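Asks: Chain residues, written in single-letter form:
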Amino acid sequence: MLRESQDSQKGGIERKMSEGSGRTMMSILLVVGLVIGFSVGYMIPVLTMPRYHEPTPPPDDYNTILLRGTIRVGTNSGWPPFEMLNTTTNELYGFDIDLAELVADYIGVTVEWVDMDFDALIGACQAGSIDMIASATFITAERCEVLQPLCWYIRTNEVIVVKTSSLLVIDNLTDLVGYDVGVQTGTVEDEELSAIPGINVVRFPLVETMFQQLDTGVLDAVYVDEPIVGLYSTVYSIKIIFTVTAPPTAFYIRYGSDKLSAAINSAIAEGFADGTVDALIAEWFG
Amino acid sequence: MQGPFGLFDILILIIIRGLPTTLALTFLSLAIGFLIGTVLALMRVFGHFIVRYIAIGYEKIFRGIPLLVLIFIFGAALLGWFAWTGSLANAIFVASMLSLALRSAAYQSEIFRGAILSVDPGQIMAARSIGMTTTQATRSIILPQAFRLSLPGWANEYAVVIKDTSLASAIGVSDLIYQAQAFTWDYPALFLAIILVVAIIYFVFTYPVTKYLGESMTLKLRQLGLGGGR
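Just so you know, the protein sequences line up as chains A and B, in that order. Each residue of the first sequence is one higher than the one before, counting from 816 in my numbering. Each residue of the second sequence is one higher than the one before, counting from -2 in my numbering.
Treat the hints loosely; a few may be bogus.
Among the chain A residues that face chain B by a calculated CB cut under 7 Å, a handful are [stated by the list, open to error]:
#: 1; residue: Gly837
#: 2; residue: Thr839
#: 3; residue: Met840
#: 4; residue: Ser842
#: 5; residue: Leu845
#: 6; residue: Val850
#: 7; residue: Arg887
#: 8; residue: Leu900
#: 9; residue: Asp920
#: 10; residue: Val924
#: 11; residue: Glu927
#: 12; residue: Val929
#: 13; residue: Ala942
#: 14; residue: Ser944
#: 15; residue: Asp1089
No lab work stands behind these hints, which were simulated from the structure alone. None of these values were measured; they are calculated from a predicted model. Glycine included, C-beta positions come from ideal geometry on N, C-alpha and C.
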C-alpha cells in the first residue's frame, strides 16, 4: 500500500518532469518555427517571382519627393561648422544645412531634417527612411558600393592633434604605431588608422569625450577633421602636428534615382556657377 | 533670451525642450506596454498551451534584444511603417516609443504574471462556486488584486524605462540627452557640469516614484498581509 503510493508519487513527479522538458522543447520549437517562418516569408517573393519577367523598375525617388513636397535629409549634428544644433533657437544650422536647403529650393520642396547617430545614417538611407545624407560625408569606395555619391562640394583636411606639451613628431601616419589614437566611430579616419596594424585605435561615438581623454592624457593623439579642431582649441591647449588631405565631401542618395541625382547635381553645379556655394564656403570656413 | 547662457539658463532650456519629450515617451510606452503586458500575462496564466507558448516566445525574444538594436530596427530601417504619422519627427518619436513599449511589455508581463499567481487560487474557486464564470472572476477578483500587488515591481519598471528613453536620442528624438549633447557642443568647457545636471534631472523624476510606489506600497501591502518578502 505504502509502496504503491510512493510509486504513484514517483510516477507523478516523473510525469511532471517530462511535462516540464516538453514545455522547454515546445518553446525551443516555437522560436525555431518563428525563425523558419520569418525566413520562408522573406524568401517567398524571390521564389515566386517569374524568371522571364523583367522586374519593373522602382519609382524614381524624385517623383516621390515631389509628390510628398518634402525631402528627408539625415545628418549628425555636433560637427562644426558643417552641422550643429543652435542652442538658442533649437534649430539645426551649418554649412551642410544651408547647402541642402539650397538644393531643396532648386527642386522646389522643403527639407525635413532627421538628426541621428553617424553610424546609423547609411543604413537608414539604404532602407529608405531618409532620402539623402548631408553630414560632411567623405567619398570612400566602401560607401560608394552601397550608396550613390553626388557632386562633391568641399575638400577639408584630416589632422593629427596632440596636447601642446606633447613631444610627439611624425612624418607619416605609420609613425603612430604603438600610440593610443582616438577617432570617431565609423569615420574615414577610423578606417585609415584601422588599416595600419600596430596602432591602438580607440573609437568614440562622441568627439567631445575624445578631446577630454586627450586632455587627461589617456590618448596620445586624436585624428579628426580640421574644421572641428578650432572649437576645441579654445577650451583645451592642443596643437596640430600632421595634416592629410581628406577625400572630397559629398551628399549621398540611394542608387537607382537618376532624376534625383541629376537634379541635385545640377543644383550644386549651378550654385558653384553663380557663386552661391562659394559665398557659403566663405561664410562658414572664413 | 540670447546666448551665451550660464549653467542655470542651460539647465532651464534643457528642461523646457527635452523634458516633455522624455516624459511623453516614458508614459506612452509604459501605457502601451501595460496593455500588451497584461494580455501576455493573462495568456500565460490562463491560456491554452499554444497561446502560452506564443506569450513565452514573445517574452524570450524581446527580453533578448538590446533596446538600442530595437530602436535602430524601428527608427532607422523600418521607419516607412510610421509614415501615417505625417511628419518625420512624429514617425521617429512613434518608432522609438514602440520599441520601448514592446520591450517594456515583455518585462511587465512577467511582473503581472507573478502578481496574478500570488493571488490565492482559493479565491477563484470561491468565485466559481457562487456562479461566476472564470472570465468574470478574473476581471473583478483576480486582476484588481494583482495590479495592486504588482505596484512595487511596476515602479521598478518605470525607473528602468525613464532612463532607457535616453537611447532614443540615437535616432534624433529631441529628449533630455539630445538637448544636453547639443549644449555640450556650444559650451565644451561645461561638458561635465551639463551631464551631471541631466543625471540630477533623471534622478529627481525616478526617486519619488520608486520611493512611494516601491517602498511605501511594499510596506502597506505587508501590513494588509499581502505580497511576499519580509
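Asks: Now look at each hint and say whether the structure bears it out.
Replies: The hints, checked one at a time:
At about 9 Å, the closest approach between the beta carbon of A/Gly837 and any beta carbon in chain B exceeds 7 Å, and the interface hint on this residue is violated. A hinted interface residue such as A/Thr839 counts as satisfied when its beta carbon comes closer than 7 Å to some beta carbon of chain B; here the least separation is about 10 Å, so the hint is violated. Residue-level restraint check for A/Met840 is violated (minimum Cβ-Cβ distance to chain B is 10 Å; threshold 7 Å). Interface restraint check: A/Ser842 against chain B, minimum CB-CB distance 5 Å, threshold 7 Å, status holds.
The beta carbon of A/Leu845 comes within 4 Å of a beta carbon in chain B, closer than 7 Å, and the hint placing it at the interface holds. With a cut of 7 Å, the hint placing A/Val850 at the interface with chain B is violated, because the nearest CB-to-CB distance is about 10 Å. Nearest Cβ of chain B to the Cβ of A/Arg887: about 6 Å, under the 7 Å cut. The hint holds. A hinted interface residue such as A/Leu900 counts as satisfied when its beta carbon comes closer than 7 Å to some beta carbon of chain B; here the least separation is about 4 Å, so the hint holds.
At its closest, the beta carbon of A/Asp920 sits 19 Å from a beta carbon of chain B; the interface hint therefore is violated under the 7 Å criterion. Because the smallest distance between the Cβ of A/Val924 and any Cβ of chain B comes to about 13 Å, over 7 Å, the interface hint for this residue is violated. Nearest Cβ of chain B to the Cβ of A/Glu927: about 4 Å, under the 7 Å cut. The hint holds. Restraint check, A/Val929 versus chain B: the minimum CB separation of about 5 Å is within 7 Å; hint holds.
Interface restraint check for A/Ala942: the shortest CB-CB distance to chain B comes to about 4 Å, inside 7 Å, so the restraint holds. Interface hint status for A/Ser944: upheld, as the beta-carbon distance to the closest one in chain B is roughly 4 Å, under 7 Å. Annotation: A/Asp1089 was flagged as interfacial toward chain B, and the flag is violated, the nearest CB pair being 30 Å apart, outside 7 Å.
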